[in-house]
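The opening residue of the sequence shown carries number 0 in numbering that gives the first Met the number 0; numbering runs sequentially from there.
No wet-lab data here; the hints were simulated from the structure.
Among these hints, one or two may not hold up.
As the list claims (entries may be wrong) - With a straight-line cut-off of 27 Å between C-alpha atoms, the simulated DSS-like cross-links for lysine-lysine are:
(1) Lys204 to Lys133
(2) Lys203 to Lys133
(3) Lys114 to Lys133
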Amino acid sequence: MRFAAIADIHGNHLALEAVLADIRAQGIDEIVNLGDFFSGPLEAGKTADLLIPLNLTSVRGNHDRYLIEQEPAAMHISDAAAYHQLSPSHLDWVRSLPFDTVYRGEVYLCHATPKDDNLYWLESVSPEGFVFLKPIEAIEALAEGIDLPLILCGHSHIPRAVCLSDGRLIVNPGSVGCPAYDDELPYYHRVEAGHPLASYAILKKTAVGWTWQFRTVAYDHMAMSALAAESGRADWAGALATGWVR
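Produce the complete structure using the sequences and hints provided.
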């Protein structure tokens, strides 16, 4: 078995187009999608029109949930920007998606963690705002009860793989469309790829277990940066241009 995993597109249709082309170039025709498809000041509608017809095995992320649970007036500015570009059929598709699922009988998929779609699985944040690898004991505690060899999550936008003590593997493919952001919770922190490329992962089952390959893909990130700037989002413009929060 060999397939690709994508996550955290955040309305960046140019990044998604480039990643899909790279996946095809690798000879891969199966993809799983780990949520947060649309939120952001970019092209949510175009992203939906590209993504939904692919009929990928997908799970819903926290920002996808906000789009269908919150009133537009109460939404964060990025969610509201996406919401106003999406059609009723786009939102119905989001509603149809599960919180988590199992792919091909042996791969567990969720956006963040099995019980909380807004909690980093593999990372912790210090009160000083440092983002670091969570202790293995805490990672394994969140994986309790998932008796599958491969676990995939997104949410933190950080490509990372962690081997558990019992041989299970957890992989975060990184973000397709948002290389840097800041957040106030649980403490103010920044997540920064340090580059503007799109990220995804290839997973392969071998005779001795699962392996992974992280890939980065160039695309016209400056066009997306300019679009964010036109929308008055200097934070997104800088992140898309550089991979840093400035």
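Outcome of the hint check:
1. Lys204 to Lys133: holds (26 Å)
2. Lys203 to Lys133: holds (25 Å)
3. Lys114 to Lys133: Measuring from Cα to Cα gives roughly 17 Å; hence the hint holds.
Violated hints for the displayed structure: none, as all numbered hints are satisfied.
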